[in-house]
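Visitor: Single-letter residue listing:
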Amino acid sequence: MLIDQVSAFIENKPGRLVEILTLLGEGGIDLRAYSVAETTEFGILRMLVDRPEDAVALLKAQGFRANKTEILGVAIPHVPGSSVAVLQVLSDAGINVEYTYAFVTPGAGDALLFLRVENNTAAQAALCAAGISLSEVKMLY
Amino acid sequence: MPQDRYFQQIETASRDYLRAVQSARLIQMVRNCYENVPFYKAKFDALGLLPGDIHSIDDLQKLPFTTKQDLRDNYPYGLFAVSPDRLVRIHASSGTTGKQTVVGYTQEDVLHWSEGAARALVAAGCTKNDYVHVSYGYGLFTGGLGLHDGAALLGATVIPVSSGNTKRQVQILQDFHSDFLCCTPSYAMFIGETVAEMGIDPKTLPLRGGIFGAEPWTPNMRKEIERLLAIDAHDIYGLSEIAGPGVSYDCMAFDGLHVCEDYFYPEIVDPDTLRSLPDGEYGELVFTCIGKEALPLLRYRTRDISALTHETCSCGRTFVRMHKPRGRSDDMLIIRGVNVFPSQVEHVILEQGLEPNYQIIVERVDNLDVMTVMVELSDAMFSDSVSAIEVATARLRNAMLSTLGVSANIRLVDPRTLPRSEGKAVRVLDKRNVTEYHVGAKKE
Chain H
1 MLIDQVSAFI ENKPGRLVEI LTLLGEGGID LRAYSVAETT EFGILRMLVD RPEDAVALLK
61 AQGFRANKTE ILGVAIPHVP GSSVAVLQVL SDAGINVEYT YAFVTPGAGD ALLFLRVENN
121 TAAQAALCAA GISLSEVKML Y
Chain W
1001 MPQDRYFQQI ETASRDYLRA VQSARLIQMV RNCYENVPFY KAKFDALGLL PGDIHSIDDL
1061 QKLPFTTKQD LRDNYPYGLF AVSPDRLVRI HASSGTTGKQ TVVGYTQEDV LHWSEGAARA
1121 LVAAGCTKND YVHVSYGYGL FTGGLGLHDG AALLGATVIP VSSGNTKRQV QILQDFHSDF
1181 LCCTPSYAMF IGETVAEMGI DPKTLPLRGG IFGAEPWTPN MRKEIERLLA IDAHDIYGLS
1241 EIAGPGVSYD CMAFDGLHVC EDYFYPEIVD PDTLRSLPDG EYGELVFTCI GKEALPLLRY
1301 RTRDISALTH ETCSCGRTFV RMHKPRGRSD DMLIIRGVNV FPSQVEHVIL EQGLEPNYQI
1361 IVERVDNLDV MTVMVELSDA MFSDSVSAIE VATARLRNAM LSTLGVSANI RLVDPRTLPR
1421 SEGKAVRVLD KRNVTEYHVG AKKE
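Going down the list, the sequences are from chains H and W.
Numbered by this note's numbering, the letters in the first sequence go through residues 1 to 141 in order.
Numbered by this note's numbering, the letters in the second sequence go through residues 1001 to 1444 in order.
The hints are simulated quantities; they were obtained by calculation from the structure and are not laboratory data.
Warning: the hint list may mix true and false statements.
What the hints assert, rightly or not - If you only want the chain W side, here are some residues facing chain H, beta carbon under 7 Å, derived:
| hint | residue |
| --- | --- |
| 1 | Ser1329 |
| 2 | Met1332 |
| 3 | Leu1377 |
| 4 | Phe1382 |
| 5 | Val1413 |
To be verified - Facing chain W, from chain H, some residues (calculated, C-beta under 7 Å):
| hint | residue |
| --- | --- |
| 6 | Ser7 |
| 7 | Glu11 |
| 8 | Phe42 |
Backbone N, C-alpha and C fix where the C-beta goes; we use that ideal spot for every residue, glycine too.
Produce the complete structure using the sequences and hints provided.
Guide: Written as structure tokens, this is what we have:
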């Protein structure tokens, strides 16, 4: 399924990440997952939150650059090698993965894999054709 | 006249003789301006001035000023006083918003300019027996060809290396027996550091001296260059509007730069009132090209802040000396020898569809000028993808390089965090410690 991911620009100066997270916390935005992509010049904070629209509005109102992007969420069995199966399908279909991250929810049987690809429709089609379930990623919300 | 001390006799001429030469040349130049440059004719008419009103160099203050803007308004050849059959050379330097400042020379102009550069070389101890290694860039920039022609006129052996490929420069310094090095001071520093990195003892190099210019440098840099290359480091000053390097130069006394006042007559004026200032007082340096044919500029405002002294130097030269420029009366920056105006940076930013909120930071890192342009990240430029932001940044960086002629780092910052364009926004943070420059040209 497609999931709204919220991204925010982190200027390369101390305390910036804390400021963003504090702002979201005070705005009652619940973070389910986040990761930071960093370069020598800047960083990008990528988050999965309960209220993506509100999170973007809140960040923008406080002068941060933020946006919302649809990424692909796939529930995979929590067993060795399961993420490889998904990535292999995309690779075979010639679909580039820009970035990816995954996490396991304690107690749940499945793991969640998130993928940023250029063409979500093509990726979904390839995964469906390979018999990979694109069922609701329920445990996220 | 021992040629090992002065290149030409006029360098030690009496003040009276110099004034006579200057008066005769000014009268001729004013006529040339009036008759051949419509821009000056109009200025004279507006002032009710006729060439006949100028009788000697003492009448200089009756004449109108010329600015860089005048050159821009008459781009490219509008201020030239001669027809193309008499022109033998064009040079240009970067100007604001992409337009260059274009200058032209007759055969005679090139000769006078070369004399200036040759005088500078001789004042630094160079003779016709020496090998002169020119590492200034060759091209529209006056550095390369200026020192090249000067060394050739002196009869020295020119090694026209041009800039870049520093290890090869060092190889040539060693193998070609370079006696004098000519380049920007920051490049001299870089060459010196490369010498050390290559494990070469600078004392084993044949090099005896260096002539460095085209950018401001500090007394500390001079000491460092002298240590790294085991030479005496001499300053050379010039600007293409007047001629190029060789307008003024250090002698062995290192007590101010001797101005070739037989061709380039200097004044110091208050940049606000434009009134002439006496010897010793700092103000804007103004030149009248009394010896120029192709581009005879009257009272050209250099925007460099300096002071003059007419006392005879301990080296014996009577030529007026100018202090090493200690700053600018406009916002022009000199980055690795290239003139950069903040308005050019703004032009690029607007052209790239960004808001004109920016800040320029100039630092000297490992003795090289580094310019960083801080730009507020626009909504359109932001993406969740690192590569998309990097591509947009690279596009901006390339646009800067092609407009400014010098590279700039781009640093993205959050929106609404830089000073706004209204009021007196601090656009430029020059951390190169400019105050250090006026500690005096005199060397301990």
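Visitor: Now, for every hint given, state plainly whether the structure supports it.
Guide: Hint-by-hint comparison with the structure:
The closest approach between the C-beta of Ser1329(W) and any C-beta of chain H is roughly 34 Å, which is over the 7 Å cut-off, so the hint fails. Because the smallest distance between the Cβ of Met1332(W) and any Cβ of chain H comes to about 28 Å, over 7 Å, the interface hint for this residue is violated. Interface hint status for Leu1377(W): upheld, as the beta-carbon distance to the closest one in chain H is roughly 5 Å, under 7 Å. Interface hint at Phe1382(W): satisfied, since its Cβ lies 4 Å from the closest Cβ of chain H, which is below the 7 Å cut-off.
Of the supplied interface hints, the one on Val1413(W) holds, with its beta-carbon coming within about 5 Å of a beta-carbon of chain H, less than 7 Å. About 4 Å separates the beta-carbon of Ser7(H) from the nearest beta-carbon of chain W, less than 7 Å, and the hint is met. For Glu11(H), the suggested interface contact is upheld, since its CB lies about 5 Å from the closest CB of chain W, less than 7 Å. For Phe42(H), the suggested interface contact is upheld, since its CB lies about 6 Å from the closest CB of chain W, less than 7 Å.
In summary, the structure is inconsistent with hints 1, 2 from the numbered list given earlier, while agreeing with the others.
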